[in-house]
Amino acid sequence: MTARVIETDVCIVGSGISAAMVAEKLADERNVRILVVEAGDDMPPVQDWYRLRRRFLDYGESPWPADHLDDASVEGIQSRSMCVGGLAMHWGGVTPRFSPEDFQLKTTSGVGDDWPITYEDLDPFYQEAEERMGVSGEQGPADIDPRGKPFPLPKLPLSYNLEKLHGWVTAAGIPMWSQPSAKNSIPYKGRSACCRNDTCTPICPIGAKYSPDATWRTLRNGNKVTLLTRTLVRRLVPATGSDRIEVAQAVSRDRPSDPIEIRARTFVVAGGYVWSPHLLLLSSSSRFPNGLANRGGLVGKYLTGHRNVSAFVSLPLKLYPGINEQHSLVSKQFMRKPRYDRYLRHDLRVWESAVDKGPRLRNDAGEFMLGDAILKDWRDRTQTGTARVRSYYDVIPARDSELTLDSARKNALGDPLPRLAWRDDPVSRDLRGWTEEQLKALFETMARAGNGRVIRTASDSFQDHPAGGCRMGKDASSGVVDSWGRAFEHENLFVIGAPTMVSGSCANGTLTFCALSLRSAQAIGKEFPQKRI
Amino acid sequence: METTTRRTFVGWLSGLAAALGIGVRARVLQAATPVSNEQNSNLDAAIIRGVADAVLPSELGNDGMATVSRAFTQWIGGYRSGVELVHPYGSTELRQTGASPIGRWRSQLAALDASAREKHRKAFPALTRDQRRDLVMSSLGDERLNRLPDPLQANHVAMALLAWYFATPDAVDLCYNAKIGRNQCRPLVHSAREPLPLKNGGRPS
Chain Y
1 MTARVIETDV CIVGSGISAA MVAEKLADER NVRILVVEAG DDMPPVQDWY
51 RLRRRFLDYG ESPWPADHLD DASVEGIQSR SMCVGGLAMH WGGVTPRFSP
101 EDFQLKTTSG VGDDWPITYE DLDPFYQEAE ERMGVSGEQG PADIDPRGKP
151 FPLPKLPLSY NLEKLHGWVT AAGIPMWSQP SAKNSIPYKG RSACCRNDTC
201 TPICPIGAKY SPDATWRTLR NGNKVTLLTR TLVRRLVPAT GSDRIEVAQA
251 VSRDRPSDPI EIRARTFVVA GGYVWSPHLL LLSSSSRFPN GLANRGGLVG
301 KYLTGHRNVS AFVSLPLKLY PGINEQHSLV SKQFMRKPRY DRYLRHDLRV
351 WESAVDKGPR LRNDAGEFML GDAILKDWRD RTQTGTARVR SYYDVIPARD
401 SELTLDSARK NALGDPLPRL AWRDDPVSRD LRGWTEEQLK ALFETMARAG
451 NGRVIRTASD SFQDHPAGGC RMGKDASSGV VDSWGRAFEH ENLFVIGAPT
501 MVSGSCANGT LTFCALSLRS AQAIGKEFPQ KRI
Chain X
1 METTTRRTFV GWLSGLAAAL GIGVRARVLQ AATPVSNEQN SNLDAAIIRG
51 VADAVLPSEL GNDGMATVSR AFTQWIGGYR SGVELVHPYG STELRQTGAS
101 PIGRWRSQLA ALDASAREKH RKAFPALTRD QRRDLVMSSL GDERLNRLPD
151 PLQANHVAMA LLAWYFATPD AVDLCYNAKI GRNQCRPLVH SAREPLPLKN
201 GGRPS
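Line by line, the protein sequences are chains Y and X. All the letters of the first sequence, read from the start, carry residue numbers 1 to 533 under the working numbering. All the letters of the second sequence, read from the start, carry residue numbers 1 to 205 under the working numbering.
Be a bit skeptical, because a hint or two may be false.
[As the list claims (entries may be wrong)] Taking lysine-lysine pairs in the BS3-like style, the calculated list, with each CA pair at most 25 Å apart, reads:
id, chain 1, residue 1, chain 2, residue 2
1, Y, Lys-440, Y, Lys-164
2, Y, Lys-318, X, Lys-119
3, Y, Lys-526, Y, Lys-224
4, X, Lys-179, Y, Lys-164
5, Y, Lys-531, Y, Lys-224
6, X, Lys-179, Y, Lys-376
7, Y, Lys-318, Y, Lys-164
8, Y, Lys-474, Y, Lys-440
9, Y, Lys-376, X, Lys-199
10, X, Lys-122, Y, Lys-318
Note that these hints are calculated values from the structure, not bench results.
Using the sequences and the hints, build the whole thing.
Structure below.
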């Protein structure tokens, strides 16, 4: 079968948030043809979102039907999403930056590895990501929340509940402020201001929360990119006698027997922490028996993320759960200033909550209640409020925290699926119990400062905001790609975003994925002529 | 197949609310999208209204009870089985909505009516509130749980109605006697102020 050939300048594999950042920057700044190849489907148009949200609220239905491939169920994966917009169609829109220490863990704390870039290197790209998405934020204390320029949008206001909770945490001696978020506090880039629909996850019905489909809509309407959906890239193939990548071999999910060859000057792998290393491993050949960019054996290694400990705290405060449930207070204090002799860095967030303050069927005496009795009991218990507190803490990844090919599980095309196994570096493994005890003790101290009590605590065992698998390094012995995302072994191959991270910090990594991607886009763009402004 | 778009529904709702002059009821109604694609899904209106009166807070009043009953019936009428549920966070598990409870609920309402006729020689809606409550309590049987269940998982329609109502934003507002308006589009700037009290303590005017 002769393959259908598509030629372009830049071929981006995947259409998630990192791909959207790269495509938009390239389209803005360079004369370049961009082809984006997405295995999944387009998501429903914005005009359907209110109806889809209603179905979610009423019945729990997914507002993003068909956002995954049925034959791509993977052992160890944490959330499945393969669609235009990727996992960021589900995200909550929270956009903290990492702290300067994250990039120099080895130097400052003697754990993990340093990144080949510093916070200062990334600061302008953080800013650019915030401006492209539209981040509403409040500058925290300068010594613990450094940034080069102000946030592009005013902060999301603290709700009545959060103002009350702010008084509590201040009494506990913890500086906290409005969580930066990619949610419009004012209309921005044709998207309206947040109106507290409070379903940011899984769907903002008015598009006030940034999601990558907004970027793709703009780029496609302006004929600035070609986005090929339902097309799965199966292998990247180097040119004969060269390490440059020449072709991406793909198939349409609608016509799997008709191969497609995509020829490009530059290939950008933007498949996130699962499908990026997976594609490199799948692309093995006699010349590259361990896959592409893998002479150092690091493709799929050092999967990273962070775990969390959370608590619900009952406080003698009159709160009204539901004013703006998904917004929170945040502090970076514990990401910056060590409090202990042993290694522990964590963030801290505080939300309003209705836990322990909802209607119930039995009163304290165990008596069954209906109507009026339920309402009276409910009112009696809502004279005080509940706060939810949560801290993500650093988990240093082991080298064998890894993605490998699973020969026992294959997709419909017969390609082995990835298998993920998360493993802590011995430092984190040994500190885990102690770390979680310290965080629970912090929550107890906070509760006492507000004359409250901890209702319950929980420790999650999964690692949130997963990343890694194609980490950046100074050379091929320490990383798959350099600090720009360029593969050490293939000069025209870039891996962008989450997989390139060396470590996962203790805060949501999405903004960092985006900033790294924009930094990669700067390097990718140098190959192509600049646009005249 | 949808029979009503959101736009026409909201327009209809606004007209209804204006005509009746009752914001609280309109908000309850808004919680139920009238997307009815399952045949014969309506519950017996008079009996479900009688159940509502027996299990819901009396502060709702007659009009409020009727409105909640109607909204509950519309809500279950819009249920579709076999639809993918939202992905659980941090899991690859895919789940779908289960079979509709509507048939079981209809039988339970019929059973309540039969019990009323057998015990009191009257139809269920014609009984006093106490009589209806006694019948509902005895029919709940093992359904006397510790927690309010997911309405769709409730074994008995009376428990489903109770759980459904207390999960609505209107129930929250009634509890707090405040216009919180959970999950509704509200100006961001108003989030900083204490929610205003409900008119008439939440009772229909």
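These are the hints, each one checked on the structure:
1. Y:Lys-440 - Y:Lys-164: Holds, at roughly 22 Å.
2. Y:Lys-318 - X:Lys-119: Violated, because 47 Å separates the two Cα atoms, which is more than 25 Å.
3. Y:Lys-526 - Y:Lys-224: holds (18 Å)
4. X:Lys-179 - Y:Lys-164: Answer holds: Lys-179 of chain X to Lys-164 of chain Y is near 18 Å, not above 25 Å.
5. Y:Lys-531 - Y:Lys-224: holds (13 Å)
6. X:Lys-179 - Y:Lys-376: Distance ~18 Å between Lys-179 of chain X and Lys-376 of chain Y Cα, so the pair holds.
7. Y:Lys-318 - Y:Lys-164: holds (8 Å)
8. Y:Lys-474 - Y:Lys-440: violated (38 Å)
9. Y:Lys-376 - X:Lys-199: The given pair, whose Cα atoms are some 19 Å apart, holds under the 25 Å limit.
10. X:Lys-122 - Y:Lys-318: violated (47 Å)
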